[in-house]
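Protein sequence lines, in the order shown, are assigned to chains A and B. The first sequence: position 196 = 196 (this note's numbering), numbered continuously. Just so we're on the same page, this note's numbering is the position in the second sequence counted from 1, plus 1000.
There may be inaccurate statements among the hints.
[Stated by the list, open to error] Cut-off 20 Å, straight-line C-alpha distance, at most; resulting in silico cross-link-like pairs (PhoX-like, lysine-lysine):
no.	chain 1	residue 1	chain 2	residue 2
1	B	Lys1219	B	Lys1202
2	A	Lys144	A	Lys161
3	B	Lys1240	A	Lys263
4	A	Lys163	B	Lys1026
5	A	Lys27	A	Lys50
6	A	Lys27	A	Lys13
7	A	Lys144	A	Lys159
8	A	Lys7	A	Lys50
9	B	Lys1026	A	Lys212
[Stated by the list, open to error] Distance ranges between label pairs, derived from CB positions:
no.	chain 1	residue 1	chain 2	residue 2	range
10	A	Pro438	B	Leu1249	30 to 40 Å
11	A	Pro216	B	Glu1014	49 to 59 Å
12	B	Glu1014	A	Tyr290	34 to 44 Å
13	B	Asn1170	A	Ile148	53 to 63 Å
14	A	Pro285	B	Leu1249	35 to 45 Å
15	B	Leu1249	A	Leu89	26 to 36 Å
These aren't lab readings, by the way, just hints derived from the structure by calculation. Heads up, the beta-carbon is just placed ideally off N, CA and C, and yes, glycines get one too.
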Amino acid sequence: MPFPGNKSLIQPKFRQVINKELCRRCKRCILSCGFGALKFENGVVGIAEKCVACHRCVNVCPEGAITIQFSELSYRPHSYWRPDIIEELYCQAETGGVVLASMGNEREFRSYFDHIVIDACQVTNPSIDPLREPMELRTFIGRKPDKIEVEKTHDNHYKLKTKLPRNVVLDTPIIFGGMSLGSISLQAQKALAMAAQRCGILMNSGEGGLHKELHPYAEHIIVQCASGRFGVNREYLERSAMIEIKIGQGAKPGIGGHLPGEKVTAPISETRMIPIGTDALSPAPHHDIYSIEDLRQLIFSLKEATRYEKPVCVKISAVHNVAAIASGITRAGADAIYIDGFRGGTGAAPKTVRDNVGIPIELALAAVDDQLRREGIRNQVSLIAAGGIRTAGDMIKAIGLGADAVAICTAALIALGCHMCQQCHTGNCSWGIATQRPELTRRLDPEWGAERLVNLVNAWSYELKEVLGLLGVNAVESFRGNRERLRGVGLNEVELRILGIKHAGE
Amino acid sequence: MSQVEQKPKENQQEKVVIDACHTYYKQLNDKVHFVVNNGASIVELRNVNGQRYIANAVKKKVTIYIYGTPGNNLASFMDGAEVYVFGNAQEQVANTMNGGKVVIYGNASDVVGYGMRGGKVFIRGDVGYRVGIHMKEYKHQIPAIVVGGTTGDFLGEYMAGGILLILGLNCNDPEQLVGDWTGTGMHGGMIITRRFPIPEHKLGREPVQVELNESDKRKIEQLVREFSNDFELNAEEILKAPFYKYIPLTHRPYGNLYAPQP
């Protein structure tokens, strides 16, 4: 029940401060706000309770007349009953609903990436200058044979006898992770696809089919097959570089996806192949997978459907027994495993799940790599680490901990202009990324976005080369899983043991 | 594909017979795809004994006759072929099937038509759990599953489109026609039962019974006639019994579940 007078007890978080002297009343800010948080009443006036601090108005204002400030009410300090908790309780008391949130886990869990440092060559072993010497970043995703055999041909040449399993080539070990049409706009997906093509990497369609405007980029697209099977048919599977079975997502392990009916607009209805306005439900379980044996069945069903032309990847969220699960997935015949840590983003997830379920990618990745090595099956599968890769530094440490490649989503969206206002679930994104409203999506020019993404990938790749050079190796695979080159700072013994690294100074 | 090097046989016969005895599924399916891609219009598989993924993703308009028991995932991702099974089928028949027809003369096990979005599946006998789960429709692509006998629990779970027609030909007990939790999570499509309505305690929360309209009756008649034709049954006799239609209360079953973060 709302407060008498229909007023919510939740107070605004931000307020727009408009410099009346600078403002020349062009109203661009009002038109650009996806949340309707500005109005014109004898001058521009902010509606504080609607402001989410996405900074679109700040950026479009030609006079620099707008700033956004915190407008938190002062609550009497309490270290346990914090204002955000109080307001979450007000929200639930007013609506009776599950609190929905977006992007990744916002709580202050320890980031292990920030407690890992990288070794460098000094005096006794030379480092390599990547500006002048070749540096190999090319990465092959897929199953590698246990051994290879060569045979001598009659004209005294040698030829490979072993038939190599199908692999996908990445020019640099970065993938744009799964973000469906629905969670993000077609313009954003196009920018990702164009950038993937230009960088020689892959983007993931997410669940929800592949829009026809993305068909030209098929060789750089991972298509997803999740429990709802939206948009999945034979053509969809064939139009891909790789197929991914989505079991879980880092932001919401163990629960499914749910695109509300109001977001199922004409283009989404067409790609997902469902009527306009119906809910698109992807429950957590695949009802044909209750065991590793069943997973094997779906993997091989997809391989049979594509006549063994496409590698099959399985995406799981990082959870407690992730190492044993990954071992099972490898033995089930997957060509790659995508592990999504609990910092992974989402277009909408219950806040309780986003903030409380799953484990950090650093620990999950190290545990999986260890287990697969111990079992002697690490070569059978590629590991893709995701869920909180923010910078080239995080990527490099993930590779050192055992990842073949990393997948980025939030970082890629930030490159497209995302300001982390964490309102994706509202569908009002003023930057035209996490929305389907045509007047908002058309502000995101895919060409502009692609250029920025290419810049990001190139910058990370160069930074990776730089670090490989200072480590004295000239190929990314020489560093993969090479934990001797990593050290922990300020970590306890258990953490170091799981990460498989020594403490700095050792 | 292992047979790629093999040259197509001259005068490729229209009908090809393959003995599946002692053949692993991969080799069997390689053969099937090979003959289909080389122009066979009828493929007859004999001694099939549990081989999986038969007719998986076959897009050509071929007819495949199967003698024996095909394994799981028969006709999954299939897109236009016709499959006749002279025996029982196992699990996940027509998984994510896009088009074509599957006719089974015996029973089929669990999860028939998972995420199916086009074509028809006719089963003469009974089916197991979760039949028609996630079935979807889009514009003219409306999938249909017709079951001659009875079904297990969770019929039409999360169903979002298409038609499930349960005839109960040998069923004299309204309690036996369908299992528990019928239509749970359903938000599109329709379930139609013949002879008996679904007892209240066997229905999930979402479906409700509504009157049949003229277009439903035509659709039922069309399906029953085609079904009877395939299995040599008397359509008039089947159509004499009453039919009951169930549709979901809403296309938005969870519309009010969430509140945005403050």
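For the range 53 to 63 Å, tell me whether the beta carbons of B:Asn1170 and A:Ile148 fit it or not.
holds (58 Å)
Hint consistency between A:Lys163 and B:Lys1026 [alpha-carbon to alpha-carbon, up to 20 Å]
With Cα atoms ~16 Å apart, A:Lys163 and B:Lys1026 stay inside 20 Å; holds.
Distance restraint hint 34 to 44 Å, applied to the beta-carbon atoms of B:Glu1014 and A:Tyr290
For A:Tyr290 against B:Glu1014, whose Cβ atoms are near 42 Å apart, the range 34 to 44 Å holds.
Proposed proximity, A:Lys212 with B:Lys1026 (alpha carbon, max 20 Å)
violated (32 Å)
Pair hint B:Lys1240 and A:Lys263, alpha-carbon separation not exceeding 20 Å
violated (44 Å)
Quick one, are B:Lys1219 and B:Lys1202 close enough, alpha carbons at most 20 Å?
violated (25 Å)
Hint consistency between A:Lys27 and A:Lys13 [alpha-carbon to alpha-carbon, up to 20 Å]
violated (23 Å)
Tell me if the beta carbons of B:Leu1249 and A:Leu89 are separated by a distance inside 26 to 36 Å.
Once the Cβ atoms are compared, 31 Å apart, the range 26 to 36 Å for A:Leu89 and B:Leu1249 holds.
Is A:Lys27 close enough to A:Lys50, meaning Cα to Cα at most 20 Å?
Holds, because 17 Å separates the two Cα atoms, which is no more than 20 Å.
Given a hint of 30 to 40 Å, does the C-beta separation of A:Pro438 and B:Leu1249 actually sit inside it?
holds (31 Å)
Given the hinted pair A:Lys7 and A:Lys50, is their Cα-Cα distance within 20 Å?
holds (14 Å)
State, for the Cβ atoms of A:Pro285 and B:Leu1249, whether the hinted interval 35 to 45 Å holds or is violated.
violated (24 Å)
The structure fails to meet hints 1, 3, 6, 9, 11 and 14 from the earlier list, while all remaining hints are met.
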